[in-house]
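J.: We have chain B already, so just place chain X on it with the hints.
Residue strings, one per chain:
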Amino acid sequence: MDGLFSQVAVLGSSGVLLCAIAILWRHGVSGYISAFQLQSNVLAVLTAAVAYFGHDHDLYWVAAMMIAVKGVAIPRLLTRLAHRVGQTHDSEPIVNAATSLIISGLLILLAYTAARPLQALSAAPTRAGIPLAIGLIFVSLFVIVSRKQAISQVIGFLMLENGIALLAVLATYGVPLVVELGVFLDALMGFLVMQIVLYDIHDTFNTIDVDVLKRLKH
Amino acid sequence: MTAAFLFPLFWMMVAGYGIAAAGLVMPTRRLVRAVTAIGSVTGGAAGLTLACLVLWTDASLMLAAPSMLTIAGGWMIRLDRLGALFLALISGVAIPAGVYAASYTASYEDRYSTRWMAFNFGTFLLSMSLVAAAANAVTFLLCWELMAVSSFFLVVTEHDREESVRAGLWYLAMTHAGLLALLGAFFLLGPGDPAVTGWTFEAMRSAAPQLSSSTRNAIFVLALLGFGSKAGMVPFHVWLPRAHPAAPSHVSALMSAAMVKLGIYGLLRIGLDVLGGGPSWWGTLLIVLGAASALTGVLYALVADDLKKLLAYSTVENIGLVLLGVGAGFLFLSLSQPHAAMLAMAAALLHVINHAAFKGTLFLSAGSIVHATGTRDMNLMGGLVTRTPWTAATFLVGAMAIAALPPLNGFVSEWLLFQSFLPGVTSSQAAIAGLLTLGVGALALTGGLAAATFVKAFGISCLAIPRSTEAAHAHESPRSMRFGMVLMAASCPLLAFATIPVLTTITGALAGLGGLAWTAPAFHLGVTLRTPNGMAAMSPAAIGVVLVAALTGIWIVVRVVARPRVRVGDTWGCGRIGQTPRMEYTSTAFAEPLRRVFDQLYRPNEDRAVGVVRPESPYYIQSMTYQTTIHPWFQRTLYDPLIEGVEQVAGWARRMQSGSVNAYLGYIVFVLVVLLVWVIGF
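So the sequences go chain by chain: B and X. Note that the working numbering has the first sequence beginning at 1, numbered continuously upward. Note that the working numbering has the second sequence beginning at 1, numbered continuously upward.
Excised from the complex, chain B in its bound form (with noise of 0.2 Å):
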């Protein structure tokens, strides 16, 4: 049963890395609305797999809410918002496709360094993904330094809610109730600012590249 509970979580761990990863090579801003759609929902069915597994029931809810807030909510916003800013394709990121894919390799092979005292404190079957998450989180950091547009660097921010969520899942199977629900609200509120301020961007400058914000030094 342990076995199948920690191939399960592994699975589903590296699933939602996965999406993460393929971003780095995607290039539409579409795409990436619809990597992170599937990552929410991976990260939900995978929360469901613990809830069931760890026999914790208020985890249903959690996953519930995900799909809810993650897998429909915001990717809907998300691409009101790509198509009030005209924005369908993202210009040449800093980084191109395979460096990203090196460097994202050495994050994650950082995060399995990073996460050993982690994992030997922890007994749970689900510890074998935690550095799948860590690393979730490293890339998702890489995503937002090396995108030039605000639309896919509040793309990879959420990428990295969902990386600190997953963390939550696999090492403590979850935070209580309450504290998720505010989690829920505070990745909801972010976004909702960060929309109103690449709006805000878009007026001013025409356009949501954030290397153009370099002339706002004198």
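Since the hints were made in silico from the structure, they are not lab data. Where hints are given, some of them may not hold.
Claimed, not checked - Ranges of calculated distance between the beta carbons of each label pair, as one might list FRET restraints:
1. Leu69(X) to Ala73(B): 48 to 58 Å
2. Ala653(X) to Gly182(B): 31 to 41 Å
3. Asp200(B) to Leu675(X): 31 to 41 Å
4. Asp200(B) to Leu676(X): 27 to 37 Å
5. Ile668(X) to Glu92(B): 15 to 25 Å
6. Val193(B) to Tyr664(X): 14 to 24 Å
7. Glu92(B) to Arg603(X): 57 to 67 Å
To be verified - Partial pick of chain B residues on the chain X-facing surface, computed with a CB cut under 8 Å:
8. Val145
9. Val210
10. Asp211
11. Leu213
12. Lys214
13. Leu216
Since the structure is predicted, the reported quantities are computational estimates derived from the model, not experimental observations. Note that beta-carbon positions come from the ideal geometry of N, C-alpha and C, so glycine has one too.
T.: What follows is chain X alone, placed relative to chain B:
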């Protein structure tokens, strides 16, 4: 008995300055000015009384709030005689400055926030007073910093003028460099855990003999850097000729008369009281730096055209004189000649007090002149003696005192400084005799040049006919300004007359500090002043009486007895038609001969432009302009390369600020990764 008065007086002083600072929240501008004046006069009066009680009786004030900042030793106030001497000085200047400010700040009302100024003024006065009364390191340093910051805000009062802001920047940089040195000195001095020993001066004093000689030397050098930069010692004086002219005049008076003196206080507190003197090179270093300050100060004062800048450079000069005295004191102490040391230290402290009196007078009068003419350039003044008689009179008193003319107070302290150096000239050790001879030479040269400087300052700005329309339409200052100036000026003859009691008080304050044992009187203190080895004697009071009597006699003879007949008629004009301001000596011209003598030091940039009627006939001149600027050499050799270096490093650091969001995010990730690697690696 008197001890019962000390606490109420202390709290009255705090409350007085607090009231002055409360000008920040007063509803009307008139009220702001009234509150500032009333508060600083009350606080000053209470502080002066408190200081006098401590100086003249056996009472001493102790206050402690160990629960505040326990980790650093807590708040601790202890007013001993040395501190009381400086508290008396601060309070004594605060009273006339406060009265003066009542109407002086009115001219700032439309352009700048007088509320903010009042707040900083009150804070400045309070923090200065507390520096003199602090009993441990943390109290001292906090008040020291508060004093620096509040005076910085006062310096940049005219924040829309680039000159003021630059001056403020220089001041802030220098005072904080000094603070760093002081922190170093206190960390080396502090015995044990501050939460246990409190790092009080008392604990430091008892722990000081156990320190190794290299630690003691390091402490002294750091203290000299920190306190010297505050006092305006060469080469750390660069902020002073910038900050003093930029500040409002009542603040310049306080900074110059009181604040820079706290540098001397700190030096005595650490060097003499806590460390108890040191090897002879301490005194030698002080004498050399003192002589350098005195000469540099007076030479630059001589060529200054800006009246307040002249006064500021003259402060550098006078601090140099004080340091000469203090240095001689340290030197004699290391040679175990306590009487000679006492004489030198007392002369230095007497000069500290006297300088406060006349420099306060001069700055207040200069403020009044600037108020009347709207300029600080002496080349645009003139004729003020008839237009603003009160201001001119007080300026004259201050100028005479600073030029060390009897019967005023400057004469007494400079005479005493000479007397403290002269016994050492005949010392059996050739090096010391040579050094002290050079010191006497520096004193003499400084005295002469200072006299020339103030002949220029008074003559050019107050005498002759006005050089500009503003000067021609100058008006006397309002009553409270005049009152403040007269109060300050009156202290000059008063201090000269009361030299003996003042000296007794000073020796009382110094007695017992670091080997300055009060065994036998170092000098005879009767009506005449007699130096220990009987080399010289003088009676300032008698000189005053004789001089005043002689002058009155001459006046009576000339005016009453001889009764000259006054004829009114045209002057023989050598054929010229009228007298214009262009015929007058200017400030630049007056200093020109001496500037040529010291040309190597000044290295001025001269710019002469002659406009002629026709190029082929150069003798028919239409116009002529002459410009000269002096870029001080220590600035050129010491500070310019330093500033350039800092700017270069800052330029490299600026490259990090690319303006790209990605780069900024990248820094965060980079640091995160590095930290993680670090954690894993170890």
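J.: Are the hints correct? Go through all of them and say.
T.: Right, here's what the structure says about each hint:
1. Separation of Leu69(X) from Ala73(B) is about 53 Å and conforms to the stated range, judged on CB atoms against 48 to 58 Å.
2. The given range of 31 to 41 Å is respected by Ala653(X) and Gly182(B), whose C-beta atoms sit roughly 39 Å from each other.
3. Between Asp200(B) and Leu675(X), the C-beta spacing of about 34 Å keeps the proposed range 31 to 41 Å intact.
4. For Asp200(B) and Leu676(X), the Cβ-Cβ distance of about 35 Å falls inside the hinted range of 27 to 37 Å, so the restraint holds.
5. Separation of Ile668(X) from Glu92(B) is about 23 Å and conforms to the stated range, judged on CB atoms against 15 to 25 Å.
6. Look at Val193(B) against Tyr664(X): about 18 Å separates their beta carbons, and that is inside 14 to 24 Å.
7. Checking the proposed 57 to 67 Å range against Glu92(B) and Arg603(X) shows it holds: the Cβ atoms sit about 58 Å from each other.
8. Here the hint on Val145(B) is kept, as its CB sits about 5 Å from the closest CB of chain X, short of 8 Å.
9. For Val210(B), the interface hint holds, since its Cβ comes within 8 Å of a Cβ in chain X; the closest pair sits about 4 Å apart.
10. Interface restraint check: Asp211(B) against chain X, minimum CB-CB distance 7 Å, threshold 8 Å, status holds.
11. Of the supplied interface hints, the one on Leu213(B) holds, with its beta-carbon coming within about 6 Å of a beta-carbon of chain X, less than 8 Å.
12. Because the beta carbon of Lys214(B) sits about 4 Å from the nearest beta carbon in chain X, less than 8 Å, this interface hint is met.
13. Interface hint status for Leu216(B): upheld, as the beta-carbon distance to the closest one in chain X is roughly 6 Å, under 8 Å.
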